[in-house]
Amino acid sequence: MAQSTFKKYHLNWLGFAGLLGALVVVAALFSLSYGELQLKLKDMPGYLRMGEGLEYMVITKIRLPRVLLAVSVGGALSLTGTLLQGIYRNPLVEPYTLGISGGAALGVALAIVLEITAVLGEFILPVAGFIGSFVSIFLVYSLSMRKGTVNINRMLLIGVMISFISSSGMMFLMSITNVENMHSIVFWIMGSLDEPSTVLVQVMLYASLIVLIISLAFTRSLNALRLGEAKARHLGINTAFVIRILFILASLLTGLSVAVAGIIGFVGLVIPHLVRLVVGNDYRILLIGSFLSGSFFLLVCDLLARTIIAPNELPIGVITGMVGGVIFIVMLNRNKSRY
Amino acid sequence: MQGYVEISNFSCGYPDFKLDGITFSLERGMLAGIIGPNGSGKTTLFNGLTGELLALNGHVWLNGKNVPEMKLREKAQHIAVVSQFTEKVDIPVEEYVMMGRYPYRGKFQFFDSEYDQEVVEKYMRLTGVYAYKNKWMSQLSGGEQQLAAIARALTQEPRLLLLDEPTSHLDITHQVQVLNLIQRLNQELGLTVLMIIHDLNLAGEYCNYLVMMKNGKIHAKGTPEEVLNYAHIEAVYETPVVTNHNPLSGKPAVFLVSEKVMEQSRKKPE
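Protein chains in written order, with the numbering used here: chain A, 1 to 339; chain B, 1 to 270.
Honestly, the hints are just simulated from the structure, not real lab data. Among these hints, one or two may not hold up.
[What the hints assert, rightly or not] In silico EDC-like pairs for lysine to aspartate or glutamate, Cα to Cα no more than 20 Å straight-line:
| no. | chain 1 | residue 1 | chain 2 | residue 2 |
| --- | --- | --- | --- | --- |
| 1 | B | Lys88 | A | Glu229 |
| 2 | B | Lys135 | A | Asp282 |
| 3 | B | Lys217 | B | Glu188 |
| 4 | B | Lys65 | B | Glu157 |
| 5 | A | Lys40 | A | Glu52 |
| 6 | B | Lys71 | B | Glu121 |
| 7 | B | Lys88 | A | Asp282 |
| 8 | B | Lys214 | B | Asp20 |
| 9 | B | Lys122 | B | Glu157 |
| 10 | B | Lys107 | A | Glu229 |
| 11 | B | Lys107 | A | Asp282 |
| 12 | B | Lys71 | A | Glu229 |
| 13 | B | Lys135 | B | Asp90 |
Remember, it's a predicted structure, so these values are computed and weren't measured experimentally.
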C-alpha cells in the first residue's frame with residue numbers, strides 16, 4: 001500500500017519537472033526565432049548548419065546568450081529564493097531582502113560615479129556589482145554571528161538594514177553626480193538581459209547549475225528544517241553547517257545574477273510561492289521546480305519586454321515586477337486560508 | 001556496574017541557571033520519568049541530553065557510548081526525541097513519520113528504500129497513526145500529533161526515547177492513550193524511555209523509575225514508591241499534599257488539598 005502512494009507522488013513530480021522542462025525549451029526556441037528579424041522554427045537547423053550569415057549571427061551571437069542568461073538568471077533567482085525561504089523558514093524572504101542586491105547596486109553606482117569604466121572598461125561594472133554584493137554578504141554574515149553561531153532572525157534584520165543603508169548610499173551618489181551618470185545608474189538598476197560579454201553569460205550559466213546540483217544534496221536538510229532547527233538537529237541534521245553553506249551559496253549566486261543582469265525583482269519571491277502552491281513544500285521537487293519555473297518566467301518576461309513597445313525594449317525588471325506582483329495578489333486571494 | 005544509560009556528575013545550562021551534578025543511571029528497558037516543579041531544571045536536563053545545550057561537566061553514556069561526543073547523525077540513530085511542542089506544519093503524516101529515517105539516508109538518496117517503508121508502516125500501525133496517514137500534520141488534533149511524533153521517533157529505531165511532557169495539553173483520554181502506548185513500546189519492544197512528566201499521579205502509575213528535581217539538583221530518585229512520598233513532595237513543591245495508593249494498581253497516588261480544607265484540618269484536633 002505504502003509503496004503505491006509513494007510511487008504516485010514521484011510520478012507526479014517527474015511529470016511536473018518534465019512539463020516545466022518542456023515549457024522552458026519551447027519558450028527558449030520561441031525566443032530564438034522571435035524578434036525584429038523573424039525566423040521560422042523549421043528553418044533554424046538550416047541557419048545553424050550554415051555557420052555564417054545574418055541569421056546565424058542573430059541566433060548565436062545575440063539571441064542565444066540572451067536566452068541562456070534568462071534561463072540561468074531566472075533559475076538562479078528563483079532557486080536562491082527557495083533556498084533562503086527554506087533556511088530562514090520565512091515565506092517572505094527573497095534574495096533581495098538580505099541586502100545582497102543593495103550592495104551590488106551600490107558597488108555599481110560607485111563604479112559609475114567614480115568613472116572607473118573610463119579606465120578599466122565596461123567589464124568593470126559587473127565586477128563592481130559582485131564586489132558590492134560580496135561586501136554586504138560579509139557584513140550581514142559577520143554582524144549576525146554571535147559566539148560562533150548565526151542567529152537566523154538577527155541575520156534577517158541586519159540584511160534588511162544593510163539593504164536600506166546601501167539604497168540610501170546609492171541615492172546619495174545619484175544626488176551628487178551628473179545627469180549622465182545618474183542615467184546610467186538608473187538604467188543598470190532596472191535590469192537587462194542584454195549582456196555583451198559571453199564569458200559572463202557562461203559563468204552565470206555554470207554557476208547557477210552548480211549551485212542547483214549542490215543544493216540538491218541538501219533537500220533532506222531543508223525538509224527537516226521545516227520542523228524547526230532543534231527538531232532538524234534531533235533528526236541528525238547539522239543545521240549550523242547547512243544554514244551557513246546554503247546562505248553563502250545563495251548569496252554568491254544572487255550577487256552574480258545582480259552583477260550580470262541588474263536588479264530583476266520578484267522572481268525570487270513569487271516563483272517559489274507559485275511552485276509551492278502547485279507541488280507542495282517538499283524540497284526534493286521544489287528546488288528543481290523553482291529553477292525551471294524561474295527560467296520559464298524570465299524567458300516569457302523577456303519576450304514581453306522585447307515586444308510590447310518594439311522595436312524599443314522595456315527594462316525587464318519593470319515586467320517581472322508588474323507581472324509578478326499581479327500574479328502574487330491573485331494567488332493570495334485564491335489561497336486565503338494559507339496565509 | 002554501569003547502567004544502560006549512565007549520567008554522572010552532569011551539568012549544563014545558562015549563565016544564570018546551571019544543573020548541579022546530575023547523577024543517575026537507567027537499566028535497559030526502564031520507563032523513567034523526570035519530575036519536579038517549573039524551573040527545577042527538567043527541560044534544561046532534557047536539552048543537555050539531546051545536545052541542544054553543551055555539557056559543561058560530567059558524562060552521559062548510552063550503552064557504553066559517550067553521547068556528547070557522537071556526531072548529530074549517529075546521535076539521531078541512538079536517541080529519538082519527542083519535543084513538547086507539536087508540529088503545526090503542512091506535511092502529510094506519512095512523510096512526517098518518514099523523516100525519522102533521515103539519520104540513515106545518504107546525501108543524494110532522495111527516495112525511501114523498501115526497508116524505510118516497512119519501518120514506517122510498522123510504526124504507523126503500532127501507534128494507530130496509520131488511519132490518518134494521508135492527512136496533513138496541521139489537520140490533526142493535539143493527541144494525534146503526539147502519536148505521529150512518537151511514530152516518527154520510533155522509525156529512528158532508537159536505543160533511547162526521550163519525551164518532553166508527552167501528555168501536556170491533552171485531555172485525560174489522550175493522556176492515557178499516549179502513556180499506554182509508551183508503556184506498550186517499553187514492554188513489548190524493550191525500548192528504554194526517559195520522559196519529563198508533570199502529572200505526579202501519571203508518573204507514579206506508569207514509570208518504574210523517577211528522578212525528582214529541585215533547583216537544578218536531584219532531590220530524590222528511585223522507584224515511585226520511594227520518591228512519591230509526602231516528605232519529598234512537600235519539600236520540592238512546597239505544597240501540602242496527601243499521599244495514598246491507587247486502589248487498583250497499588251501505585252502511589254497524590255492528592256492536592258485546598259487552603260480552606262488545610263485550615264479546617266489543622267483546627268480539627270482542638
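To test your reading of the hints: which numbers does this structure violate?
3, 6
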